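2 protein chains.
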Amino acid sequence: MTTRRGRRPGPSGTRGAILAAAQRQFAELGYDRASMRSIAEEAGVDQRLVAYFFGSKQQLFVAAVELQLPSDIAEAVPDVFSGSRRTLGHRLARRMVAMLEDPRTRDQIVGAVRAAASEPEAARMLRDLRHRVLHELGTPIAEVLGDDQIELRIALVNTQFLGLVMARHIVCVEPLPSLDSEQLIALLGPILQRLLTGPITVGDARRS
Amino acid sequence: MTTRRGRRPGPSGTRGAILAAAQRQFAELGYDRASMRSIAEEAGVDQRLVAYFFGSKQQLFVAAVELQLPSDIAEAVPDVFSGSRRTLGHRLARRMVAMLEDPRTRDQIVGAVRAAASEPEAARMLRDLRHRVLHELGTPIAEVLGDDQIELRIALVNTQFLGLVMARHIVCVEPLPSLDSEQLIALLGPILQRLLTGPITVGDARRS
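Read top to bottom, the protein sequences are chains A and B.
Position one of the first sequence corresponds to residue 116 (this note's numbering), numbered consecutively onward.
Position one of the second sequence corresponds to residue 116 (this note's numbering), numbered consecutively onward.
This is chain A alone, in the form it adopts within the complex (with noise of 0.2 Å):
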């Protein structure tokens, strides 16, 4: 078996069969409850292959997540940014839902999010990603927005959108989990817009 430790997904069917099924139990699970025990299991190995491969369970996290969810985010952001600026948080909306919708990175992100909530190593891959996606295609979203609090705005997207994750898919605050695709990316559209492009309020003065 030849294979590349790290990201690279390789040529090799056990660390894909590896990634897939701890990618599929951490989304399920949540982190504390899936086991490297369980994943080789799945994945019809011993468990001392995950080891070898990956090290530890968090390092198995994130190399299940970390290969696949920034390509996914890189590729949309493009395609959101690019188009009428009147209609940016609808794309966006579209987008997030699509992301939410479609099992695979619906288990990515919820698994993501579950793990940087008790894992420290998880929240610094989601804020990794974000610095990434912010160096690599602040350019596009800059001639969007116009250069207004670009940081800020962007901080305010993600936070609606990991309380959306939080909400609908982790929490289940009704009625978020009943809605369908439509209904939220209506739902969603003129929120995002209104962060992206709207007015925004932030003192100046730091009177802590």
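Heads up, some of the hints might be wrong.
SDA-like cross-link-like pairs, simulated, lysine to any residue; straight-line CA separation at most 25 Å [claimed, not checked]:
| # | chain 1 | residue 1 | chain 2 | residue 2 |
| --- | --- | --- | --- | --- |
| 1 | A | Lys172 | B | Met151 |
| 2 | A | Lys172 | A | Arg242 |
| 3 | A | Lys172 | B | Asp147 |
Just so you know, the hints here were simulated from the structure itself, not pulled from any lab data.
Keep in mind the model is a prediction, meaning the values are calculated, not measured.
Take the given structure of chain A and dock chain B to it, following the hints.
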């Protein structure tokens, strides 16, 4: 001490003593530094008894928080929802930020969100809390909001709050953790005002 709570109706003084010690230690030391062992010591019981009553540290935390958080929130809601409808968002923002600045309530809230992300039991606790608040305080809320999509609006506020806790306190999405209280209130006030009283769109048709 006779105490009645949760699933087990038993009048166990031991259980109550463990909960009291847990509340004190989680509040004073935070979730990470409080341990089952130190809580057992303070309660004067064997550590195995703590595990017997509560299972994991996370479950003990949920039981401890479930006793206090509801009263903090039940106290906040009537304050926020009495007064001018025009400044509702600002009052809510001020109250949310105050709860996240006070170390005691912040620890409970951040701990509850962390726990909810990986423990279905804790997610259920947050759902129940929401139901109770809506049930008990639905009338003052409905009076201010005029009965217009109340459940959905409250769900959007919950989403915003969960997202804020994740983005500011757990993932640390800049610049949110660097904003002081007044800046954060100025930022959130108008966002919450629109979620509570602004136009809201959600398609009628189920097209899923």
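Tested hints:
For the hint pairing A:Lys172 with B:Met151, the CA-to-CA distance comes to about 23 Å; that is within 25 Å, so the pair holds. For the proposed pair A:Lys172 and A:Arg242, the alpha carbon gap of about 20 Å is at most 25 Å, so the pair holds. The suggested pairing of A:Lys172 with B:Asp147 holds, with an alpha-carbon distance near 19 Å, which does not exceed 25 Å.
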